[in-house]
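K.L.:
These are the residues of each chain, in order.
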Amino acid sequence: MSDNFGEVFHSHIWEEKAEPDNPFTAAACYCRGYDVYGDLLSKATYIEYLYLLFKGERPTQEVAAALQLLAIALANPGPRDPSVHAAMAAGVGGSPAASVLMAALASGAGSYGGGREVLLAMQAWIDCGTNLENWQRYLSSPQAPSRPLFWPQTEHAPGFDPHGVTCSTIVTQTLQQLCRILPDGQLNWLAKEQPALEKAAGIPLAMTGVVAAAFTNLDFSPAEAEMLTLLWRLPGAAAHALEQWQRGFRQFPFFSLDLENDPGVTGLKEKT
Amino acid sequence: MNDTHEQSGPDFLQQHVGVLKSRMGAFYPGSHVVFRGHDLHVDLKDMSWPELYLFGITGRRFSPEQLTLINAIWVYTSYPDVRLWNNRVAALAGSSRSTGNLGVAAALAVSEATIYGRGIDLRAITFLINTLEKTTAGESLETAVRDELDEHRSIAGYGRPLINGDERNQHILALAKSLGLDHGPHLTLAFAVETFLFAGRWRMKMNYGGIAAALCADIGLSPQEHYQAMFPAFLAGMQPCFIEAAEKTEGTLYPLSCADICYEGVTYRSWHGAHPKAPSDMPTDSTPATPIDLP
Numbered sequence: 003m004s005d006n007f008g009e010v011f012h013s014h015i016w017e018e019k020a021e022p023d024n025p026f027t028a029a030a031c032y033c034r035g036y037d038v039y040g041d042l043l044s045k046a047t048y049i050e051y052l053y054l055l056f057k058g059e060r061p062t063q064e065v066a067a068a069l070q071l072l073a074i075a076l077a078n079p080g081p082r083d084p085s086v087h088a089a090m091a092a093g094v095g096g097s098p099a100a101s102v103l104m105a106a107l108a109s110g111a112g113s114y115g116g117g118r119e120v121l122l123a124m125q126a127w128i129d130c131g132t133n134l135e136n137w138q139r140y141l142s143s144p145q146a147p148s149r150p151l152f153w154p155q156t157e158h159a160p161g162f163d164p165h166g167v168t169c170s171t172i173v174t175q176t177l178q179q180l181c182r183i184l185p186d187g188q189l190n191w192l193a194k195e196q197p198a199l200e201k202a203a204g205i206p207l208a209m210t211g212v213v214a215a216a217f218t219n220l221d222f223s224p225a226e227a228e229m230l231t232l233l234w235r236l237p238g239a240a241a242h243a244l245e246q247w248q249r250g251f252r253q254f255p256f257f258s259l260d261l262e263n264d265p266g267v268t269g270l271k272e273k274t
Numbered sequence: 653m654n655d656t657h658e659q660s661g662p663d664f665l666q667q668h669v670g671v672l673k674s675r676m677g678a679f680y681p682g683s684h685v686v687f688r689g690h691d692l693h694v695d696l697k698d699m700s701w702p703e704l705y706l707f708g709i710t711g712r713r714f715s716p717e718q719l720t721l722i723n724a725i726w727v728y729t730s731y732p733d734v735r736l737w738n739n740r741v742a743a744l745a746g747s748s749r750s751t752g753n754l755g756v757a758a759a760l761a762v763s764e765a766t767i768y769g770r771g772i773d774l775r776a777i778t779f780l781i782n783t784l785e786k787t788t789a790g791e792s793l794e795t796a797v798r799d800e801l802d803e804h805r806s807i808a809g810y811g812r813p814l815i816n817g818d819e820r821n822q823h824i825l826a827l828a829k830s831l832g833l834d835h836g837p838h839l840t841l842a843f844a845v846e847t848f849l850f851a852g853r854w855r856m857k858m859n860y861g862g863i864a865a866a867l868c869a870d871i872g873l874s875p876q877e878h879y880q881a882m883f884p885a886f887l888a889g890m891q892p893c894f895i896e897a898a899e900k901t902e903g904t905l906y907p908l909s910c911a912d913i914c915y916e917g918v919t920y921r922s923w924h925g926a927h928p929k930a931p932s933d934m935p936t937d938s939t940p941a942t943p944i945d946l947p
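Chains as they are written, first to last, in my numbering: chain A, 3 to 274; chain B, 653 to 947.
Be a bit skeptical, because a hint or two may be false.
[What the hints assert, rightly or not] From the derived model, a few chain A residues whose C-beta atoms are all more than 10 Å from chain B:
(1) Thr-27
(2) Pro-84
(3) Leu-134
(4) Ile-183
(5) Gly-238
[To be verified] Simulated coverage check for chain B against chain A, where a stretch passes if three residues somewhere in it have a Cβ under 8 Å from a Cβ of chain A:
(6) 767-775
(7) 913-924
Just so you know, the hints here were simulated from the structure itself, not pulled from any lab data. Where is the CB? At the ideal position from N, CA and C, for every residue including glycine.
Bound-form chain B, shown alone (with noise of 0.2 Å):
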């Protein structure tokens, strides 16, 4: 927790009425825009959509192997497939007919989950720097990851929600190879944590989230850097499902009849007339109050 009472307070406030710092840009209307410190349409004209993305985010110029890797990590994880959990979201967005714009916004806040993209980004790129500082330090790998288990239950980037394996692995690691970006400390690093975890009894092997990381972390991104940059990861299999289920019939996604509905709560009951008088009096799930017939 930072130390807010240098910076806090009405009169620190006052210093920030109506006008904002800052170093990041502005647009002069009819004149010039300032990115980062550089004319965007002078200055970095040329750059690539993916280059002035991580110029944004970083500040920094990249090679044009590492562009093409952290393109490519983007490219491999775009699955258009609707049963997913937030391509679902787009395209339940376009066949209820709302906006390509609202449905796609909404996939990728709901990308920012727990047990897969941006939470799992953050934790994996958190867990091989570290890690790597401690054994670097002389910490054993064993103990290093058994702390990770013992605070988190799991290690980011190894196992995965629906199958244990990643068929995108082979794939960005063979562009890593060609781009001779494969030989970093943490991507090392990876592979020593995936065997450990693999030979005992998590049984569980890297999966994308992890590469990624390790890949990323070798091109000098830092964690937070890393969570902004992977922003993009899912988008261009979002559009797909929501076009698809835009164009098909309104409704027709996954429609759910009153069966599909299992309901597994109380018994049927009448709401009268009176509150009850206090919690002790209200049933439970396991007491079901007045029940009633099914008319």
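Chain A with its partners taken away, still in its complex shape (with noise of 0.2 Å):
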């Protein structure tokens, strides 16, 4: 079986070169041809790399401005957020680091405000373009992609806050400060047609709407954007996590719970 598979990975991205004396120590590794420990590391920004990475080439100024801006409203979503309070959840019991993230991740990964939903919102892009009609049409029936299953149906416009009376302050100073820095593009049409746009979703524009934005501005594909959201929210969850580890378990809500069909005590309880 395995003689239909190679025995090496093949990378547009990384190559190492072995120090002499062990093939399996690195002594320089390069990222899209440029020296990283010996040439980038001291010269570039971490979102420099990051795009870097992604992109294969270096941004420019105002992209890699529009990045660290991104970078910074998506780090903390707050405790409110179901990622950060997942990874609270995970954080006020003592469970390792790597499950506090998997937590955040996991609950930060759907389509209402999470990762999948930036995903959505920028094949709505691809689908609309800055066409306001084709908006409008799809705004008032949005289709979800049929696959792959496993990811439940939409329940409300990818971009747009279900739960939304009008467009949070956050979220309209978010998009002013992007729009100054790419002043053209997708982001600069969102900014105009805001209010015909909530008007046919019939709910505000969310971050997540602004940020699909964003990432179909700086052209980055769907997979790209949702990826980088949700390493992006990371930050602000292991923060939360870390501190109500801190204060202790009984600091922590543990909320209440109505159960509608509690039988009461039975059996053995009753018999004794």
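Two chains, each in its own frame: build the complex with the hints.
P.N.:
Shown next as structure tokens:
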């Protein structure tokens, strides 16, 4: 069976040169042709390096600035967000750090405010472009992709807030700041047409909608944007989880549960 | 897409603050535990784990024969082969001295794949249930299969990423026959689809995902119930992979030398101080920028 498969990894991203005395130790690592530890390490910013990894080239100053802003905007959704809540629920019990982040990723992956919503909104950008009629037609009856089926059916227009009344101030601030850096393209069109789009959707623009427009503007694919959204939301999850572990579970809300079909104490307890 | 307008907005959220109405269960510290309306330690205490698991998913009870079959569906696909992609995740966690729970939990998450595992389970059972409805209503099998191929370019449950044909099928079919569970309409349909596909240009045989979906549909599982029921399908094969890797010397699971990464990207270049001015200034893979000699 393994005859049909390669024995090495092929990559356009990464190359390593071994130490002369050990083929399993890297003496140099090249990312997209750049010497990471001999050249790039002291010169590139973190955002530039991320962009290089995903897109294969260095970003322009404008692109780097937009990504920097986007990374900060996403870094901490706050304790009310399901991903951070999940991370705190993991952290408060002293679970391993990786499980805290796994919890945040799982609960921050979906089509309600998560990575999947950004991906779906970007697919809408691909389908509708900057044509208002296309968007109005789409938003009047958004069609969910037919696969993979393990993703639940979407329950609202991706990129919009199903529980919102008006567009939140922080979403507006993020859109405005991004538009200052990237005055042309999808972000600008979104800012201009926001009232019409919100009217068509019946609900206000959400942060995921701004993030999707920004990644589209920056020429990222939906799959790349989904990954970066998941990645960039982790810092807040990590910090809040550590905080709750330090504070202890007695300060962590346990909430109430109203069981609608409680049979009460039965069997052994009644007999005793 | 559901209509969210009647169940959305801050007033609707306010109704749910701090309290969850549930019919699934709760524990009362020091007293008792309710599981889907039953006292876990009294009413359900004699259930096997598979029976409780399926009761938790469906709220329904299953016959001993049905439970034996579902248990076997899990058993027959528990392969402790570290090369398999999901198992490899568990094993790499063991080799890198992570924890058993982290490794196996990640491997289970990975099993929700598009080309195998839960993605195939859902598509396969959905296809069989929908196709049975269509053919019962008079549509030809050929039309139903061609419609599925037009939409998805493949039929979930037929063909296999690594090889065509499946060593598990004869065993689960023999068990189903011994249990009297091999006469359901979805299984009959699944074999009819196989005959059609194998005779045609597709040359595809039914795989284990297809036969498991058919058997579970005949037991009465919905697509979502089947998806949840198959969650532990690969589980028993994962721990052995983790354990063996954890018992061996750290870092010895498929060690890769630097030469095992075959680089196919742009040539060497230096990181200039200035940013590119615009996207059009940026070189592509086919036009490498400022090649330099390798030090």
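K.L.:
Now tell me if each hint is right for this structure.
P.N.:
Verification of the supplied hints:
no. : hint    : result
1   : Thr-27  : 8 Å, violated
2   : Pro-84  : 13 Å, holds
3   : Leu-134 : 21 Å, holds
4   : Ile-183 : 14 Å, holds
5   : Gly-238 : 21 Å, holds
6   : 767-775 : holds (count 4)
7   : 913-924 : holds (count 11)
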